[in-house]
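Undergrad: Sequence:
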Amino acid sequence: MDIPEIGVIETFARMLQALPVVRKFLIDLASSPSTDGRDTPVQLTTRGLLDRAACWFGSFQLLGDSQHYQAHLAGFRTMIEITVDLALLTIDPSANDRLEAWELSARFKSASQLLESARIGVRLEMPLGPPSDFVKRHQSEVESIRARYWKGIHPTTRWTNNRLADDIKCVDSRFPALSLRRTYEELYRYACWGVHGGGLAAVRGRSALEMAFPCTLAFYESAQLGWASAEFASRLLNRFELGHQQALKSAQEDWVLAFGNLRRDSKSIVEIE
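Just so you know, the sequence shown maps onto residues 199 to 471 in the numbering used here.
Don't read these hints as lab results, they were simulated from the structure.
Be a bit skeptical, because a hint or two may be false.
As the list claims (entries may be wrong) - Pair ranges (Cβ atoms, derived):
1) 390 <-> 263: 19 to 25 Å
2) 452 <-> 314: 49 to 55 Å
3) 360 <-> 451: 34 to 40 Å
4) 333 <-> 246: 21 to 27 Å
5) 304 <-> 233: 27 to 33 Å
6) 246 <-> 315: 28 to 34 Å
7) 447 <-> 403: 23 to 29 Å
8) 239 <-> 330: 26 to 32 Å
9) 238 <-> 337: 23 to 29 Å
10) 447 <-> 345: 44 to 50 Å
11) 308 <-> 239: 21 to 27 Å
By construction, the Cβ of each residue, glycine as well, lies at the ideal position given by its N, Cα and C atoms.
The whole structure should be built from the sequences, with the hints applied where relevant.
TA: Here's what the structure looks like:
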């Protein structure tokens, strides 16, 4: 990786200085008052996803060193899924019913597995309390929603019952300017190496300086995903026509001013022009 040392370090530092601009916009949007007096279920989900995104940008700021590359890459992975989910909800707000159904089904699956482990003699502290009440309370409902959405079983992929790559293709077909497929292909698999415990694929043979590069790229891509998430969320919250379009543009301009003009070339290298 032939990158001038000063260029990487300076870009990394400027990126850290610019991240609060994205975080503040996400926080402000998440806490904006409802336009109709009360949020719909999909709007509640939207605010929750914005909160998760803003929390990651807060973590990026607190962990502002390349030694925290695993957290940086984990945050990027979360940001791409948040953006995909908000895009899918923008395409079809009624899909929120399936998303909430997946949440309940996932909790039920975890509780059932805990009960099975306890049944075969595994000693569990269960700090959140025994899951038996949860299983009894929701078994009928979970069976119903699994039959409705996933042929009776909890999906092995995402709540959409698709792989992330397939959901990204769907989003890109509706919003081609977003180019999520490029972001996914260039960085997502590398991010997975940095998150999962599968050996040292992400770091073996790399210097501390070289690790600053993927961190910087993760920050850059996460910020772009943050802006995309903000636009989708503005539409879902019915705020895109209420001055938020201009507010979004203004915040993006502040973001550019905070770090200078970054450019990504064909080799996915982030540079300051």
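Undergrad: Take the hints in turn and mark each one as holding or not.
TA: Hints and how they fare:
{"no.": "1", "hint": "390 <-> 263: 19 to 25 Å", "result": "22 Å, holds"}
{"no.": "2", "hint": "452 <-> 314: 49 to 55 Å", "result": "52 Å, holds"}
{"no.": "3", "hint": "360 <-> 451: 34 to 40 Å", "result": "35 Å, holds"}
{"no.": "4", "hint": "333 <-> 246: 21 to 27 Å", "result": "25 Å, holds"}
{"no.": "5", "hint": "304 <-> 233: 27 to 33 Å", "result": "31 Å, holds"}
{"no.": "6", "hint": "246 <-> 315: 28 to 34 Å", "result": "29 Å, holds"}
{"no.": "7", "hint": "447 <-> 403: 23 to 29 Å", "result": "42 Å, violated"}
{"no.": "8", "hint": "239 <-> 330: 26 to 32 Å", "result": "28 Å, holds"}
{"no.": "9", "hint": "238 <-> 337: 23 to 29 Å", "result": "28 Å, holds"}
{"no.": "10", "hint": "447 <-> 345: 44 to 50 Å", "result": "45 Å, holds"}
{"no.": "11", "hint": "308 <-> 239: 21 to 27 Å", "result": "23 Å, holds"}
Taken one by one, the earlier hints fail for this structure only at number 7.
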